[in-house]
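Q: Protein sequence lines, in the order shown, are assigned to chains A and B.
FYI, in this note's numbering the residues of the first sequence are 1 to 115.
FYI, in this note's numbering the residues of the second sequence are 1 to 112.
Everything hinted at is true.
Some chain B residues judged to face chain A by a derived CB distance under 8 Å, without partners named:
no.	residue
1	32
2	34
3	41
4	42
5	43
6	44
7	46
8	49
9	88
10	99
11	100
12	102
13	104
14	105
A few chain A positions that, by computed beta-carbon distances, are all more than 12 Å from chain B:
no.	residue
15	16
16	18
17	20
18	22
19	53
20	68
21	85
22	88
FYI, nobody ran anything at the bench for these hints, they're computed from the structure.
Ideal Cβ placement from N, Cα and C applies to all residues, glycine included.
Chain by chain, the residues run as shown.
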Amino acid sequence: GAVVSQHPSWVICKSGTSVKIECRSLDFQATTMFWYRQFPKQSLMLMATSNEGSKATYEQGVEKDKFLINHASLTLSTLTVTSAHPEDSSFYICSARGTSGDEQFFGPGTRLTVL
Amino acid sequence: QKEVEQDPGPLSVPEGAIVSLNCTYSNSAFQYFMWYRQYSRKGPELLMYTYSSGNKEDGRFTAQVDKSSKYISLFIRDSQPSDSATYLCAMRDRNYGQNFVFGPGTRLSVLP
Chain A
1 GAVVSQHPSW
11 VICKSGTSVK
21 IECRSLDFQA
31 TTMFWYRQFP
41 KQSLMLMATS
51 NEGSKATYEQ
61 GVEKDKFLIN
71 HASLTLSTLT
81 VTSAHPEDSS
91 FYICSARGTS
101 GDEQFFGPGT
111 RLTVL
Chain B
1 QKEVEQDPGP
11 LSVPEGAIVS
21 LNCTYSNSAF
31 QYFMWYRQYS
41 RKGPELLMYT
51 YSSGNKEDGR
61 FTAQVDKSSK
71 YISLFIRDSQ
81 PSDSATYLCA
91 MRDRNYGQNF
101 VFGPGTRLSV
111 LP
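In isolation and in its complexed conformation, chain A is listed as follows (with noise of 0.2 Å):
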């Protein structure tokens, strides 16, 4: 199957500062890709979508400002957590659809912790 990669698998940052989190799809190009939140022992919820070369969608009551999304080539997007909190610890999985399929793919997540 197709595979996504995630970087870091883990941060550990400090309140005020930013992360960046990155999400790559190996072997196939996406022309769309996701990103979402997951809390523990909760669902996935789906903070934007980003499709190669444009604007990311964000979904009600997603920070766009905060979030920041940029989808550059057809195999990498980042995630930038601006100005992180301690609310803002979570669990980001970022999954990707290629241009022949309509299966997501995962990312095996970033876990980020705001001190």
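Add chain B to chain A, keeping to what the hints say.
A: Relative to chain A, chain B alone:
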């Protein structure tokens, strides 16, 4: 009412049992269905992808769709402790550009 509902569990079964995981949905336009398995602290892994009604089998896994009842199921035969995970269903309508709507997931525990 949520668009997609799942019994959150946890569902505990003995090793070797047949497991039935279910999702109900309210949008009759949904036509494409997926099942994911998510281990703790990992990203979801795609298990099955089905279109419209009917059954699809892959090894120990069978996905079943009943559009008339707006009900989908994932059956796991000969369950193993390694099947212990959270299972998520996802679905969308016929519009390719639409994102999939995910269920909240069911936690499964297979006891040795």
